[in-house]
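Engineer: Here are the chains, one letter per residue:
There are 2 protein chains.
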Amino acid sequence: MSTSSAAQEPSPLLFFQTINAHQRTEALKAAIELEVFTAIGEGNTTVPAIANRCQTAERGGRILCDYLTIMGMLTKNGNEYALTVDSATFLDTRSPAYLGGIIGFLNTPELLEGFRNMTEAVRKGGTAVDNEGTVKPDNPIWVKFARAMAPMMMMPSQMIAKLVDPNADRKLKILDIAAGHGLFGIAFAKNNPQAEIHAVDWKAVLEVAKENAQKAGVAERYHTIEGSAFDVEFGSGYDLVLITNFLHHFDPQMNETLLRKVHAALADGGRAATLEFVPNEDRVTPPDTAQFSMVMLVGTPSGDAYTFAELEKMFANAGFSRSTLHPLTPTIQQVVISEK
Amino acid sequence: MSTSSAAQEPSPLLFFQTINAHQRTEALKAAIELEVFTAIGEGNTTVPAIANRCQTAERGGRILCDYLTIMGMLTKNGNEYALTVDSATFLDTRSPAYLGGIIGFLNTPELLEGFRNMTEAVRKGGTAVDNEGTVKPDNPIWVKFARAMAPMMMMPSQMIAKLVDPNADRKLKILDIAAGHGLFGIAFAKNNPQAEIHAVDWKAVLEVAKENAQKAGVAERYHTIEGSAFDVEFGSGYDLVLITNFLHHFDPQMNETLLRKVHAALADGGRAATLEFVPNEDRVTPPDTAQFSMVMLVGTPSGDAYTFAELEKMFANAGFSRSTLHPLTPTIQQVVISEK
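So the sequences go chain by chain: A and B. First residue of the first sequence: 1, per our numbering; consecutive thereafter. First residue of the second sequence: 1, per our numbering; consecutive thereafter.
Because the hints were derived from the structure by calculation, they are not lab data. There's no promise every hint is true.
One copy or any two copies: either way a pair holds, since identical chains are not told apart in the list.
[Said to hold, decoys possible] Lysine to any residue pairs mimicking SDA-like chemistry, simulated, CA-CA at most 20 angstroms apart:
#, residue 1, residue 2
1, Lys215, Ser228
2, Lys162, Ala229
3, Lys29, Thr18
4, Lys190, Thr93
5, Lys29, Gly125
6, Lys29, Glu211
7, Lys124, Asp86
8, Lys190, Gln17
9, Lys203, Ile141
10, Lys210, Glu310
11, Lys215, Leu111
12, Lys144, Ala267
13, Lys29, Arg123
14, Lys313, His263
15, Lys76, Arg147
16, Lys313, Leu172
17, Lys29, Arg116
18, Lys29, Leu112
19, Lys190, Lys210
20, Lys313, Pro140
Since the structure is predicted, the reported quantities are computational estimates derived from the model, not experimental observations.
Modelling step: build the complete structure from the supplied sequences, incorporating the hints.
Structural biologist: Structure below.
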């Protein structure tokens with residue numbers, strides 16, 4: 001075989017680690033459900049204290065905490081466990097950056113079913129769950145998504161507002177397509193007091209976005225348009241259209257149809273800001289970005305993680321004059337800014 | 001919190017990688033089922049060739065191969081994929097060291113159910129699948145196990161025979177407890193022409209062991225004892241008792257009961273050789289060894305990955321005079337040799 005090398009002894013370790021990788025996911029979910037990280041953060045650092053706080057058997061608590069330590073999510077010193085910086089920040093329910101709630105979305109049977117039917121999805125070249133997977137109209141999964149994923153999008157939404165509207169000194173009429181939790185539009189509204197947001201999504205999802213706009217104190221500048229982005233009237237004269245985590249669900253042709261509609265809704269000199277997982281042209285780097293392709297294979301009929309060249313072409317075909325790519329470090333996503 | 005450090009920025013990356021880790025398992029299973037590694041090993045190195053050989057959509061084949069590349073199981077150069085040394089050795093069906101068949105065991109719904117009920121297992125302190133999990137009498141899972149896991153045990157079985165019977169120059173009457181595929185006893189029989197093996201396991205499982213003894217050319221020196229190791233008559237005068245991957249299913253008290261029976265079956269000067277996952281006293285190192293505890297939590301009522309101190313105590317309580325610990329590098333398991 002072309003890759004064999006006399007210097008390297010074959011090892012089955014990566015095979016075993018990968019075939020058992022699902023155990024790590026289950027252990028993390030169990031720890032979140034049982035509030036193990038919160039318990040330890042509160043000062044319950046030994047097995048008896050953790051088991052008592054989390055209402056588990058001591059044996060179960062001990063084996064789970066050891067497993068979390070092996071995974072690098074806790075540290076262990078003698079009989080005492082402690083949170084890592086990352087666990088304290090993202091997994092203790094008392095932290096403002098708590099992310100554990102996203103298991104409410106990731107645990108959705110429909111999503112899991114997609115992954116469990118991966119072989120069939122590879123054969124078909126698209127989701128094996130049903131004909132439309134997660135992109136089915138009014139799929140209630142997106143209400144769960146809007147509620148569960150908001151904390152995860154807090155940082156990227158603030159970063160994208162600063163990137164696209166750094167001076168925040170002009171009136172901005174903004175269309176937020178498939179707004180979901182609404183955080184992206186809301187971040188622009190908080191960043192710029194002259195920004196007016198028009199959010200498009202399914203009716204039930206927009207209720208979540210409106211709640212979040214209320215909490216953020218921008219409800220007066222938050223307007224909604226109910227329905228599919230492919231069907232509704234956007235209106236016109238927008239300075240900015242936000243297309244966040246949306247294009248990856250569809251094939252290039254559907255995206256071009258949408259982008260032509262976006263182009264028509266923009267004022268002269270207007271821009272579209274697209275948040276996506278944009279892998280390099282090799283499609284295997286950066287790894288955490290590139291692997292999002294698989295999420296689309298198992299969950300949608302024809303979605304993908306598009307390269308910048310592919311996105312650039314869709315925008316050009318829809319009439320945009322120029323697109324530029326911007327990293328959103330430290331997130332694993334990128335922003336494409338496209339000018340009318 | 002005690003672990004916080006001003007120097008380290010919190011990152012959610014480990015959280016995301018862990019919550020998505022199950023996708024890696026599904027991708028590896030899909031690739032094995034579709035024979036992607038074999039296809040590439042045969043010279044189908046581009047997406048169209050792989051898709052044609054594996055009967056998949058090109059889109060599905062491309063996304064899967066990119067994902068396998070990201071996981072480190074393939075390499076990609078331009079549009080061509082190649083096997084790594086490890087994949088060529090362990091995942092190409094044409095390789096004598098092919099391990100892919102073990103998904104036949106690991107995919108067992110009963111095993112997967114254990115992992116999917118981890119939260120409940122932690123609460124209970126034992127498997128949530130049913131009262132006995134995988135240790136139920138005559139559980140057909142062990143026939144699957146015997147067929148699927150044999151290739152994985154080829155190397156450890158040869159290593160343990162060389163470790164325990166290095167000179168192979170004397171008659172040895174060997175009892176192989178819970179023989180499964182039979183490979184451990186068979187390795188001793190192949191290593192030493194004067195070794196006679198007496199294998200204990202459920203009747204249906206012993207059929208697999210006998211087939212393997214036949215293939216190995218040691219059927220004449222291969223004898224069987226049908227039933228549970230806790231119930232059957234072992235006979236007596238054994239020079240060696242093999243207890244491979246067995247004690248981890250049970251609690252210390254049950255193990256001591258069994259070990260007393262083993263002690264009684266041994267001739268004077270006889271030894272027990274125990275193959276186990278033996279973590280260090282901290283129970284979190286070595287990581288691949290220590291995490292086996294979780295497999296026992298979700299799959300058995302009271303099994304565990306025991307430390308050497310715990311195993312030593314069980315053997316001492318059962319009457320053994322001395323136990324010693326031996327690594328079985330490069331495997332993630334260890335051998336304990338205990339003298340009568």
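Engineer: None of the hints should be skipped; say for each whether it holds.
Structural biologist: Hint-by-hint comparison with the structure:
1. When the C-alpha separation of Lys215 and Ser228 is checked against a cutoff of 20 angstroms, the pair qualifies neither within a copy, at 25 angstroms, nor between copies, at 64 angstroms.
2. Taking the shortest Cα distances, Lys162 and Ala229 never come within 20 angstroms of each other, neither inside one copy (25 angstroms) nor across copies (68 angstroms).
3. For the identical chains of this complex, Lys29 and Thr18 are neighbours both inside a copy (18 angstroms) and across copies (9 angstroms), given an alpha-carbon limit of 20 angstroms.
4. Taking the shortest alpha-carbon separations for Lys190 and Thr93, neither the intra-copy value of 25 angstroms nor the inter-copy value of 58 angstroms comes in at or below 20 angstroms.
5. Taking identical chains as interchangeable, the C-alpha atoms of Lys29 and Gly125 lie at most 20 angstroms apart only when they sit on different chains, with a minimum of 17 angstroms there against 29 angstroms within one chain.
6. Taking the shortest alpha-carbon separations for Lys29 and Glu211, neither the intra-copy value of 27 angstroms nor the inter-copy value of 42 angstroms comes in at or below 20 angstroms.
7. Taking the shortest alpha-carbon separations for Lys124 and Asp86, neither the intra-copy value of 39 angstroms nor the inter-copy value of 28 angstroms comes in at or below 20 angstroms.
8. For a Cα distance limit of 20 angstroms, the shortest separation of Lys190 from Gln17 qualifies neither inside one copy, at 44 angstroms, nor across copies, at 31 angstroms.
9. For the homomeric pair Lys203 and Ile141, the shortest alpha-carbon distance inside one copy (13 angstroms) is at most 20 angstroms, but the shortest distance between copies (49 angstroms) is not.
10. Taking the shortest alpha-carbon separations for Lys210 and Glu310, neither the intra-copy value of 33 angstroms nor the inter-copy value of 58 angstroms comes in at or below 20 angstroms.
11. When the C-alpha separation of Lys215 and Leu111 is checked against a cutoff of 20 angstroms, the pair qualifies neither within a copy, at 29 angstroms, nor between copies, at 45 angstroms.
12. In this homomeric assembly, Lys144 and Ala267 never come within 20 angstroms of each other (Cα to Cα): the closest approach is 34 angstroms inside a single copy and 65 angstroms across copies.
13. In this assembly of identical chains, Lys29 and Arg123 lie within 20 angstroms of each other by CA distance solely across copies; the values are 13 angstroms between and 30 angstroms within a copy.
14. Taking the closest pair of Cα atoms, Lys313 and His263 come within 20 angstroms of each other only inside a single copy of the chain (14 angstroms); across copies the shortest separation is 75 angstroms, beyond that limit.
15. Taking the closest pair of Cα atoms, Lys76 and Arg147 never come within 20 angstroms of each other, the shortest separation being 34 angstroms inside a single copy and 39 angstroms across copies.
16. Taking the closest pair of Cα atoms, Lys313 and Leu172 never come within 20 angstroms of each other, the shortest separation being 27 angstroms inside a single copy and 74 angstroms across copies.
17. Proximity of Lys29 and Arg116 under a CA criterion of 20 angstroms is satisfied in both settings, with 17 angstroms inside one chain copy and 10 angstroms between copies.
18. In this assembly of identical chains, Lys29 and Leu112 lie within 20 angstroms of each other by CA distance both inside one copy and across copies; the values are 13 angstroms within and 15 angstroms between.
19. For a Cα distance limit of 20 angstroms, the shortest separation of Lys190 from Lys210 inside one copy, 14 angstroms, qualifies, whereas the shortest one across copies, 73 angstroms, does not.
20. With identical chains, the CA atoms of Lys313 and Pro140 are never at most 20 angstroms apart, being 32 angstroms at best within one copy and 56 angstroms at best between copies.
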